[in-house]
Amino acid sequence: MLAVEDNVRIRRESSLEYYKMICSFPYQNHPIFYENKALRRAYIILLHHYAKEDVDYQRYCKPIITLYEHCFNIEEIYKEQTSQSSLKFIKEIRKTRWKFEKAKLHVYNYKYLFFAHYLLLIYGYISMDHPYVLDVIDKQHLKIHNKDAECIVHFVNALKTGDFEAAKSYLNRKKFHHLHFYYDAYKKQTQFLKGVEKRYLIVGTMSSGKSTFLNSLIGKEIFPSQNEACTSKLFTYVHRPSVEHFILQWDQHESFDYVTDDIMGKIDELNKHSTVKRVQIEGKTSPILSFEHRVVFIDTPGTNNSMNRRHEEATLEAIRNEQYDTIFYLMNATQLGTDDDRRLLSYVKEHIENHNDKPIIFIVNKADEIDEEANESLQELLESTKTYLKQNGFENPSIILLSAYISNLCQKVLNGESLTRREQNQFDFFYDYFAEETQDLTKYATEPCAFRPEIPNDQREVKTKNKPYDIKRIYTVLQHSGMYQIKNYM
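Sequential numbering of the sequence shown, starting at 577, is according to the working numbering.
No lab work stands behind these hints, which were simulated from the structure alone. Warning: the hint list may mix true and false statements.
[As the list claims (entries may be wrong)] Here are the simulated SDA-like cross-link-like pairs (lysine to any residue), alpha carbons at most 20 Å apart as the crow flies:
1) Lys1048 to Lys853
2) Lys853 to Thr836
3) Lys736 to Asp632
4) Lys1019 to Tyr1051
5) Lys774 to Asp901
6) Lys638 to Asn649
Since we're looking at a predicted model, the values are computed, not measured.
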């Protein structure tokens, strides 16, 4: 039998994951999202006003409110004196509304939507006679009939237990039409979290460009990529396709932050914190990779003999003890065969000999820096990499040539992000040079690329600093960067 403290710990872990899932709903599709600001404000303020009495919600309300404020474009919920204006807000929620849909008059209000949302913010099973329920539905508040309230309570409890057939049975009534949002969001999140998970360990020396590579996988620049060592921490990035921004957690902390801006600054702050050992970020991955399943990237500190040995120790410990399916081993195309790299390769070789089920993919990054004028070539790079790896005990290595930097530049332009003057000049060069078939990095790999970009049909060009670029050509450069080759192994 579990001790009391173990039960508390498990409950906290479960509630932590539960509220992270609540933060993963696609609120840009929420019915209130399309309403006027006054209604949005009343709705969110009242949610917090009622739910803040719950102990579990109290622990996680800060990131939830941060998400709601940003998503629904409202401000300063905590400063609102709800008790003085709650009746005004309640009347706004339960107000009867009309609109035409498909040539039919639709009569509705948002009190049932609100009540279900409120119950979802309360962790765990909730009964009809719970004080929280009775307080919200009474005549001074939402004025929901007991039978309707009971249906919504059963609906929410069915969602929480994963009984989606039972939950769906309550959606037939017109007054519960808006509850489809919670049904769809909860079911999609539950199925996603129960699905297959693939975990990838990213290792390499300090100069291999791991941060740039990880930024390319994510599709946003969130990890500092300057050529200097980070502290001895592990960064884990978890793919959550419905999260609009980032969920940030560290060192088994009981809560989490929802970060809507300056994620790089937050990561840098934690990176400098001497007591923090592990940081987990959850958010989307790059749309060019289109992951439908759960994907986790574990980024290790870059090793370098001349720097703090804790970086190497943390990396070796991760290779030994982390749970992962595949190793992505990054190599610097311009610095093959350094002492740092040989040392790390030796340890990886020793480890995988005892774990034959752990495939290793060698990613030769910075292939765009090959100097053809100095009689260097991509084919020679591939062959020299094969020879080097064979000398270090890898007989038939899987090798990819990659330019994570070009991939990042292309994604920035496609996302409409601004470029620095230096980035603009470099992008102009790559836009011309890497569109050529001779610079297709996917041709210089041990396996042909099985994936091609899905080019949107609704847009022909994109502008950066008022300069137009052909969308199709950008995707060609992106494909030639080697980024799509990564999907061969995922």
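Right, here's what the structure says about each hint:
1. The hinted pair formed by Lys1048 and Lys853 fails the criterion: a straight-line CA distance of about 43 Å is larger than 20 Å.
2. Our distance criterion of 20 Å between C-alpha atoms is broken by Lys853 and Thr836, whose separation comes to about 23 Å.
3. With a CA separation close to 15 Å, the supplied pair Lys736 and Asp632 stays within the 20 Å bound.
4. Between Lys1019 and Tyr1051 the CA atoms are separated by roughly 16 Å; this keeps the pair inside 20 Å, and the hint holds.
5. Of the supplied pair hints, the one linking Lys774 and Asp901 holds, its CA atoms being roughly 6 Å apart against a limit of 20 Å.
6. Of the supplied pair hints, the one linking Lys638 and Asn649 holds, its CA atoms being roughly 16 Å apart against a limit of 20 Å.
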